[in-house]
Amino acid sequence: MSTPNSLSGWARWNSTFKRLLGPSAALCVVILFFSLVAPESFCTTQNARTLSAQSVVVVLGAIGMTFVVVGGGIDLSIGSVIALSSVASALVVRAGFSSVTAALIGCAVGLMVGCVNGFLVASARLPAFIATLGTMGIARGVAKWLANQSTIYPPEDWTSSLMAKNPDPVWLLLAPGVWITIVIALAFGFVLSRTVFGAWVTSIGSNESAARLCGVPVVRVRWTTYALCGLLAGVAGVLQFHRLSGGDPTTANGKELEVIAAVVIGGAALSGGFGTVGGSIVGAILMASLSNGCNLVDWNSLGRWGVSTEMAQTLSSWFGSSGIPNYVQEILVGVVIVIAALADRRRHR
Amino acid sequence: MKSPIFRLTGISKTFSGVHALRKVDLDLAAGEIHAILGENGAGKSTLLRIMAGAEILDAGSMQLSGKNYFPRSPRAARTAGVCVVHQEPAIAEHQTVADNINLGCEISSFGIIDRAGQLRKAREALKSIGAEAIVDPTALASSLTPGTRQLVEIARAFVTQPSVLLLDEPTSSLGRVEADQLWDAVRTMAKSGVAIALVSHRLDEVRRVANRATILRDGAVVESGELSTLDDDALVRAMSGSVVKELQARSTRTHEKICFQAGSFEIRRGEIIGIGGLVGSGRSRWLRELGLKSGAARVSEDRRGEGFAQSLSIAENLTLPFLDRMGRWGIVRSSEQARVANKWRETLSIKCTGPWQRIGDLSGGNQQKIAIARVLEQGTALILVDEPTRGIDVSAKAAIHEILRHAADDGHSVVVVSSDTRELLALCDRIAVMWRGSLGVSKATNEWTEHSIVDTALRGAGVESAA
Chain W
1 MSTPNSLSGW
11 ARWNSTFKRL
21 LGPSAALCVV
31 ILFFSLVAPE
41 SFCTTQNART
51 LSAQSVVVVL
61 GAIGMTFVVV
71 GGGIDLSIGS
81 VIALSSVASA
91 LVVRAGFSSV
101 TAALIGCAVG
111 LMVGCVNGFL
121 VASARLPAFI
131 ATLGTMGIAR
141 GVAKWLANQS
151 TIYPPEDWTS
161 SLMAKNPDPV
171 WLLLAPGVWI
181 TIVIALAFGF
191 VLSRTVFGAW
201 VTSIGSNESA
211 ARLCGVPVVR
221 VRWTTYALCG
231 LLAGVAGVLQ
241 FHRLSGGDPT
251 TANGKELEVI
261 AAVVIGGAAL
271 SGGFGTVGGS
281 IVGAILMASL
291 SNGCNLVDWN
301 SLGRWGVSTE
311 MAQTLSSWFG
321 SSGIPNYVQE
331 ILVGVVIVIA
341 ALADRRRHR
Chain F
1 MKSPIFRLTG
11 ISKTFSGVHA
21 LRKVDLDLAA
31 GEIHAILGEN
41 GAGKSTLLRI
51 MAGAEILDAG
61 SMQLSGKNYF
71 PRSPRAARTA
81 GVCVVHQEPA
91 IAEHQTVADN
101 INLGCEISSF
111 GIIDRAGQLR
121 KAREALKSIG
131 AEAIVDPTAL
141 ASSLTPGTRQ
151 LVEIARAFVT
161 QPSVLLLDEP
171 TSSLGRVEAD
181 QLWDAVRTMA
191 KSGVAIALVS
201 HRLDEVRRVA
211 NRATILRDGA
221 VVESGELSTL
231 DDDALVRAMS
241 GSVVKELQAR
251 STRTHEKICF
261 QAGSFEIRRG
271 EIIGIGGLVG
281 SGRSRWLREL
291 GLKSGAARVS
301 EDRRGEGFAQ
311 SLSIAENLTL
321 PFLDRMGRWG
331 IVRSSEQARV
341 ANKWRETLSI
351 KCTGPWQRIG
361 DLSGGNQQKI
371 AIARVLEQGT
381 ALILVDEPTR
391 GIDVSAKAAI
401 HEILRHAADD
411 GHSVVVVSSD
421 TRELLALCDR
431 IAVMWRGSLG
441 VSKATNEWTE
451 HSIVDTALRG
461 AGVESAA
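Taken in order, these protein sequences are the chains called W and F.
FYI, the numbering for the first sequence is 1 to 349, going by the working numbering.
FYI, the numbering for the second sequence is 1 to 467, going by the working numbering.
Source of the hints: derived by calculation from the structure; they are not laboratory data.
Glycine residues also receive a C-beta, built at the ideal position from the N, C-alpha and C atoms.
Please note: incorrect hints may appear among the correct ones.
As the list claims (entries may be wrong) - To be clear about the criterion: a stretch of chain F counts as covered by chain W if any three or more of its residues have a C-beta under 8 Å from a C-beta of chain W, and this derived list gives those stretches:
1. 109-122
2. 203-211
3. 224-233
As the list claims (entries may be wrong) - Non-contacting residues of chain F with respect to chain W, defined by C-beta distances greater than 12 Å in every case (computed):
4. Ala54
5. Arg75
6. Arg78
7. Leu323
8. Gly327
9. Ala338
10. Gln357
11. Gly437
Bound-form chain W, shown alone (with noise of 0.2 Å):
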């Protein structure tokens, strides 16, 4: 039997791999590209540290989402609640408690909104868009009303080191919020593809009728999913909180679209039943680099590749001598996952 039990692990292994490939291929090209466009800024150390200091909101946000997604869920409040978490870690700091109380607390108020999230979809059996909406509104209320409408600022004495681009004991090359992030990543992602909890999500996400019936406690994962996910969110908040030195209300506005889209650029399925924290953070990390990479494009260095003068003065007055201008990101984001969503149809054919 021990033939046919590996190959259906080769399998399995097979199918995802086949699956995370098209969005990591897509990473590949956008790496390439603005290694090209922008070889001194783009492919160095130090930008690798920025982007993965940039990238660490999105990319929790995504993991937490993949579960609410793949449990056939959405979870809009993701950038409220970020906002939310943030302004109270910046408010703890500020009454004079220790940074690790600010962060236990930060991430409290993500669980917090995360188990109303869980309660209105899985409970009271409000539709999620609806239900996340409502939430989504409250929190970013709230956070405006506990900071006064202005960012919090921590004491003057207040430093932190989980967000340094150049970290305390060198040997840790990246920050350790993004240490922290690497952990929760390979973490949850090895509970939604290897555990009892995981295979139940799939299952409600793929036929929910089918898991109630298989005695699946189909109310407890659901609310567990968003619980995650705001938990989730509760962690971006405090580490966006350390990066920015400050809560900020309005931090992350819009942020829950991007992480929805790092989703759908991951492969997952909107409609739920299928999706990898891996392919997430691949789709999330994709996002990060395009905005990344479009500022640092510097169009006369294209001359060392053949590009004439001429040309590259052509690039610079459409776009700009320095980097490629916010409404051009925008429109890139957008093709990305529009060719996501296209690709992912053509898979299901």
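For this one, chain W is given, so just place chain F on it according to the hints.
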């Protein structure tokens, strides 16, 4: 009779004032196969759902192996040893067959799934129901045909080693071969001491596999006993409360004008052609393609998925394909929709509260009548019907046959795909059998017997490629 391991006493259930069940008593003994019979709406499904924990009883009590049994959820029922195989297979399409078989009772340590163990268990379960050669446990469930989905559901019941197994129309989407495999598996299970309750509309099938029968009418038990003491007439009489006309063979008439021709397949005006064959032999696909080629209206075998918008009303569903006829300048007149719905409600005696009732609330038989009304109203000369009476009770079946005969008498040409051999023989003028994707030559019904249809479906004897 052995002492019952599962005993129901005085079960009652009311839905918004309507009695679905009244004081139902039922005993299941270990190792017996007990058929629960009744027309649609007689309360069979409700009874099954109560036993399975999907519905909570209003009054009465249940005892399982001498202990009180009061499941509040399917999970509780499953834990207590009561398992269900559903009519519509409950399959999570994105997961593998092995995952589906173990769904809800995963093999794990510390919450981590033991995939190899799950696969082994799935293989064992498939083997014990004789389906190991048909279903690959590593395949994605979305690749399964309706027939094999049912086998997965039964394998799923197997892994929990239940003491009671409830089967709800398990063979309604299966062909003859798969059905036989299923019954072999069920008999094996009964021999090992499992008590089995079976809801089915196929009397011949019930007779073949069941020992005892309980018949429900309007939510109450009207008859119960050994099947050997009850003849078919008595069963039908008990179910319907009246004598139902035997399925009548259609008179052989000659039909002149050819209505449609594609390759060697041709159908004449006023003719009913039946297509037999196994599930998965390509009948439904062939019918779909015929529909595209000829522009004929088709009644799908999948009422839920392909047929109706379940949340819309009878009138809206009925007029959906020709809404442009329901008014002028793109404005739909609801009075016109209601008129059309009422017309068919009367002609086909559809039981409903009115044209604006949600179609999802109707019984399968009435839904099927509306599906047929829709293609008749469309007015195409050729009508294609896939499994017209699957999962429909005896009297509704007779009514639907009557409707199709009338349609043919009115000059329509009808193609019927059916797994029910008797239905083909009773309803059609000519019959052709599909075997592995190719359609055999059609012959007049009186040249076929039940045996020769099944034989051709199984072995393709004399099948020559058509088109």
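Each hint, compared with the structure:
{"no.": "1", "hint": "109-122", "in the structure": "holds (count 7)"}
{"no.": "2", "hint": "203-211", "in the structure": "violated (count 0)"}
{"no.": "3", "hint": "224-233", "in the structure": "violated (count 0)"}
{"no.": "4", "hint": "Ala54", "in the structure": "violated, 7 Å"}
{"no.": "5", "hint": "Arg75", "in the structure": "violated, 3 Å"}
{"no.": "6", "hint": "Arg78", "in the structure": "violated, 5 Å"}
{"no.": "7", "hint": "Leu323", "in the structure": "holds, 27 Å"}
{"no.": "8", "hint": "Gly327", "in the structure": "holds, 32 Å"}
{"no.": "9", "hint": "Ala338", "in the structure": "holds, 31 Å"}
{"no.": "10", "hint": "Gln357", "in the structure": "holds, 23 Å"}
{"no.": "11", "hint": "Gly437", "in the structure": "holds, 21 Å"}
Of the numbered hints given earlier, the model fails hints 2, 3, 4, 5 and 6; all others are met.
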